[in-house]
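Protein chains: 2
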Amino acid sequence: MDSKQQILTKSNEAKEIFLPNLSADPVIFGFENNGLKVLMLQMNYRQKWLLPGGYVRKDENLDDAVVRILKDRAGITDAYLEEFGVFGKLKRSEFYFEDFDETLFHKQRFISIGYLALYNPSNTTLVKDELSDACEWIYLDKLDEIDIAMDHREIIEKALLTLREKISIKPIGYNLLPEKFTLSELQKLYEVILGKELNRGNFYRKIKNLGILKKLDEQRRGGAHKSPDLYTFDEENYAKALENGLNNW
Amino acid sequence: MDSKQQILTKSNEAKEIFLPNLSADPVIFGFENNGLKVLMLQMNYRQKWLLPGGYVRKDENLDDAVVRILKDRAGITDAYLEEFGVFGKLKRSEFYFEDFDETLFHKQRFISIGYLALYNPSNTTLVKDELSDACEWIYLDKLDEIDIAMDHREIIEKALLTLREKISIKPIGYNLLPEKFTLSELQKLYEVILGKELNRGNFYRKIKNLGILKKLDEQRRGGAHKSPDLYTFDEENYAKALENGLNNW
Numbered sequence: 048m049d050s051k052q053q054i055l056t057k058s059n060e061a062k063e064i065f066l067p068n069l070s071a072d073p074v075i076f077g078f079e080n081n082g083l084k085v086l087m088l089q090m091n092y093r094q095k096w097l098l099p100g101g102y103v104r105k106d107e108n109l110d111d112a113v114v115r116i117l118k119d120r121a122g123i124t125d126a127y128l129e130e131f132g133v134f135g136k137l138k139r140s141e142f143y144f145e146d147f148d149e150t151l152f153h154k155q156r157f158i159s160i161g162y163l164a165l166y167n168p169s170n171t172t173l174v175k176d177e178l179s180d181a182c183e184w185i186y187l188d189k190l191d192e193i194d195i196a197m198d199h200r201e202i203i204e205k206a207l208l209t210l211r212e213k214i215s216i217k218p219i220g221y222n223l224l225p226e227k228f229t230l231s232e233l234q235k236l237y238e239v240i241l242g243k244e245l246n247r248g249n250f251y252r253k254i255k256n257l258g259i260l261k262k263l264d265e266q267r268r269g270g271a272h273k274s275p276d277l278y279t280f281d282e283e284n285y286a287k288a289l290e291n292g293l294n295n296w
Numbered sequence: 048m049d050s051k052q053q054i055l056t057k058s059n060e061a062k063e064i065f066l067p068n069l070s071a072d073p074v075i076f077g078f079e080n081n082g083l084k085v086l087m088l089q090m091n092y093r094q095k096w097l098l099p100g101g102y103v104r105k106d107e108n109l110d111d112a113v114v115r116i117l118k119d120r121a122g123i124t125d126a127y128l129e130e131f132g133v134f135g136k137l138k139r140s141e142f143y144f145e146d147f148d149e150t151l152f153h154k155q156r157f158i159s160i161g162y163l164a165l166y167n168p169s170n171t172t173l174v175k176d177e178l179s180d181a182c183e184w185i186y187l188d189k190l191d192e193i194d195i196a197m198d199h200r201e202i203i204e205k206a207l208l209t210l211r212e213k214i215s216i217k218p219i220g221y222n223l224l225p226e227k228f229t230l231s232e233l234q235k236l237y238e239v240i241l242g243k244e245l246n247r248g249n250f251y252r253k254i255k256n257l258g259i260l261k262k263l264d265e266q267r268r269g270g271a272h273k274s275p276d277l278y279t280f281d282e283e284n285y286a287k288a289l290e291n292g293l294n295n296w
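Those protein sequences? They're chains Y and P, same order as listed.
Everything in the first sequence is counted per the working numbering, starting at 48 for the first residue and increasing by one.
Everything in the second sequence is counted per the working numbering, starting at 48 for the first residue and increasing by one.
Be aware that one or more of the hints could be misleading.
Claimed, not checked - Here are the computed lysine to any residue pairs in the SDA-like style, where the Cα-Cα straight-line distance is at most 25 Å:
1. Y/K105 to P/E145
2. P/K136 to Y/A61
3. Y/K138 to P/R211
4. P/K217 to Y/L207
5. Y/K62 to P/I64
6. P/K227 to P/K175
7. Y/K255 to Y/E283
8. P/K261 to Y/N295
9. Y/K217 to P/Y237
10. Y/K217 to Y/L207
11. P/K287 to Y/E244
12. Y/K253 to P/N294
13. P/K175 to P/K217
14. P/K217 to Y/F250
15. P/K105 to Y/Q155
16. Y/K205 to Y/D110
17. Y/K235 to P/N294
18. Y/K205 to P/D111
19. P/K253 to Y/A61
20. Y/K205 to P/N294
21. P/K154 to P/E201
22. Y/K175 to Y/T124
23. P/K243 to Y/N294
24. Y/K243 to P/L293
25. P/K287 to Y/A61
26. P/K105 to Y/T124
27. P/K243 to Y/A286
28. P/K255 to P/E226
What the hints assert, rightly or not - Simulated restraints on C-beta separations:
29. Y/E238 to P/N284: 24 to 30 Å
30. P/K118 to Y/E201: 24 to 30 Å
31. Y/R115 to P/T150: 27 to 33 Å
32. Y/N246 to P/P275: 34 to 40 Å
33. Y/R200 to P/K118: 48 to 54 Å
34. P/L55 to Y/E201: 28 to 34 Å
35. P/D119 to Y/T124: 54 to 60 Å
These aren't lab readings, by the way, just hints derived from the structure by calculation.
Virtual Cβ for every residue (Gly too), placed ideally from N, Cα, C.
Generate coordinates for the entire structure from the input sequences, incorporating the hints supplied.
Below you can see the structure in the form of structure tokens.
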């Protein structure tokens, strides 16, 4: 079955089970080799790249829908997803399916709910679905090299801005870093999210003041320099900071 | 025409012009007499209180829909609305219309997009629509005394939590306070949003450090104490802080 026929078959089934006009798009950020990545699918129809999004069943809660979608399309089952934005402009998605007539489920107007999650890529093996040729982590600075469909680049940018705001009021790193990490790795994560370099002394002082780190009696061996100390997150204090926020006032 | 008949008539028209399953609910906060208020409508059908929400036209952008809805239902034309949350649980709104059969437009499942705005109540005269008996500012600490329908109390609470997070990363007050205000009035605004008392010395020092205030050569007269200085916002610096955020890092 070619990819166009496959979409036609899905369309009839979709009309039965999904709400019209509404979709959900998860933006999953990962951190590896000092760079931020985002999870993308390459659809076999037209070979363009998209977020691993989908539709909402008539009989399911919206929050359950996005969890199901991420599992079905990428094999990820344990990401903590938060709504961050709604994309509701006219004609934002219809054009992608221009080869089809107006009766196609996928070609109607969709308002899409954006969800954000931070995820450590090494925690899972990605599993692509039958509609996709690839399911991959793409570094943010490589997004320009792939052909992204609809307004999904705009959705990723809004997610990154949200993350940048969040970093001032919530601790970040628990779902992105390995269990043991150096302060310099944590600083790098903050720098890629904020999009700017930070002064090392200030960063170390501020991050330690949050009380979310535990220094381990272990060092990272093998570098050219003095072996740096390893840290881990203090789970209890991290959870508290997440709940109460890092309030300035 | 009684209120039930009025809804039946609206239902047929609604099916023609609005997207199914999708609504928008604006949460408009005002600040007066040192207290936060929220804009609520009392529907003539069943006399319950609701946010001034509505539906999205098939031919309009989502952002335009919420502006139109707020104008039509409350007469407010100049609020700056920001999306803050999506409310998509099954059975969140259907029960309100239990007197009607399943063909009613209003009784289908709705996923609602919450929008937040800060607004100075003295800037406008509220104008209620034909579906409502009242359109009023209700103080947050009086919400327990009115009968709020659906999950609209939960929507208001989420909006307040969002505002509480925002206050750490964005300046707040420009749309809520009169042009000239005292530092103690501004402190009170921060206190009601944060839900806690702040140390006066710390607050004055931090708020002045943001560089968003201009001290006027004028005092507030008439109190029992020493006449306090009046301030106004420095519009340019305020706009800059709004755009760049009050980043901690």
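Do the hints match the structure? See the list:
The straight-line distance between the Cα atoms of Y/K105 and P/E145 is roughly 19 Å, inside the 25 Å bound, and the hint therefore holds. Proximity of P/K136 to Y/A61 is assessed by CA-CA distance (about 20 Å); at most 25 Å being required, the pair is judged to hold. A distance of roughly 34 Å separates the Cα atoms of Y/K138 and P/R211; the hinted pair therefore is violated under the 25 Å criterion. The suggested pairing of P/K217 with Y/L207 holds, with an alpha-carbon distance near 17 Å, which does not exceed 25 Å.
For the given pair, Y/K62 sits about 20 Å from P/I64 by alpha-carbon distance, which is consistent with the 25 Å threshold. Using a Cα cut-off of 25 Å, the hinted pair P/K227 and P/K175 is violated, with the two alpha carbons roughly 30 Å apart. At roughly 15 Å between alpha-carbon atoms, Y/K255 and Y/E283 fall within 25 Å of each other, so this suggested pair holds. Note on P/K261 and Y/N295: the hinted pairing holds, with a Cα-Cα distance of about 22 Å set against a maximum of 25 Å.
Restraint check for Y/K217 and P/Y237: satisfied, since their Cα atoms lie roughly 19 Å apart, inside the 25 Å limit. For a cut-off of 25 Å, the pair hint linking Y/K217 to Y/L207 stands: about 15 Å separates their Cα positions. A threshold of 25 Å between alpha carbons decides the hint, and for P/K287 with Y/E244 the separation of about 21 Å falls inside it, so the pair holds. Under the criterion of a C-alpha separation no larger than 25 Å, the hint pairing Y/K253 with P/N294 is consistent with the structure, at around 13 Å.
A threshold of 25 Å between alpha carbons decides the hint, and for P/K175 with P/K217 the separation of about 32 Å lies outside it, so the pair is violated. Simply put, P/K217 and Y/F250 have alpha-carbon atoms about 21 Å apart, close enough for the 25 Å limit, and the pair holds. Distance hint between P/K105 and Y/Q155 is fulfilled; the C-alpha atoms sit about 11 Å from each other, no more than 25 Å. Distance restraint check for Y/K205 and Y/D110: the Cα-Cα separation of roughly 20 Å lies within the 25 Å cut-off, and the hinted pair is therefore satisfied.
Our distance criterion of 25 Å between C-alpha atoms is met by Y/K235 and P/N294, whose separation comes to about 17 Å. Only pairs whose Cα atoms come within 25 Å are accepted, and Y/K205 paired with P/D111 is accepted, the gap being roughly 19 Å. Proposed proximity of P/K253 and Y/A61 is contradicted: the alpha carbons are some 54 Å apart, above 25 Å. At most 25 Å may separate the alpha-carbon atoms for a hinted pair to count; Y/K205 and P/N294 meet this at roughly 17 Å.
A threshold of 25 Å between alpha carbons decides the hint, and for P/K154 with P/E201 the separation of about 20 Å falls inside it, so the pair holds. With a C-alpha separation of about 13 Å, the suggested pair Y/K175 and Y/T124 falls inside the 25 Å cut-off, and the hint holds. Pair hint P/K243 plus Y/N294 holds up; C-alpha atoms about 12 Å apart against a cutoff of 25 Å. Annotation: proposed proximity of Y/K243 to P/L293 holds, straight-line Cα distance about 15 Å (limit 25 Å).
Our distance criterion of 25 Å between C-alpha atoms is broken by P/K287 and Y/A61, whose separation comes to about 46 Å. For the hint linking P/K105 to Y/T124, the alpha-carbon distance of about 35 Å lies beyond 25 Å, and the restraint is violated. Restraint check: the Cα-Cα separation between P/K243 and Y/A286 comes to about 21 Å, which is no more than 25 Å; the hinted pair holds. The straight-line distance between the Cα atoms of P/K255 and P/E226 is roughly 17 Å, inside the 25 Å bound, and the hint therefore holds.
For Y/E238 and P/N284, the hinted distance range of 24 to 30 Å is satisfied, since their beta carbons lie about 26 Å from each other. The beta-carbon spacing between P/K118 and Y/E201, approximately 27 Å, falls within the hinted interval of 24 to 30 Å. Checked against the hint of 27 to 33 Å, the pair Y/R115 and P/T150 passes, with Cβ atoms roughly 30 Å apart. Taking the beta carbon of each, Y/N246 and P/P275 are about 38 Å apart, inside 34 to 40 Å as hinted.
For the hinted restraint 48 to 54 Å between Y/R200 and P/K118, the CB-CB distance of approximately 32 Å leaves it violated. Between P/L55 and Y/E201 the CB atoms are about 40 Å apart, so this pair departs from the stated range of 28 to 34 Å. P/D119 and Y/T124 have their C-beta atoms about 44 Å apart, which leaves the hinted 54 to 60 Å range violated.
Against the hints set out earlier in the document, violations occur for numbers 3, 6, 13, 19, 25, 26, 33, 34 and 35.
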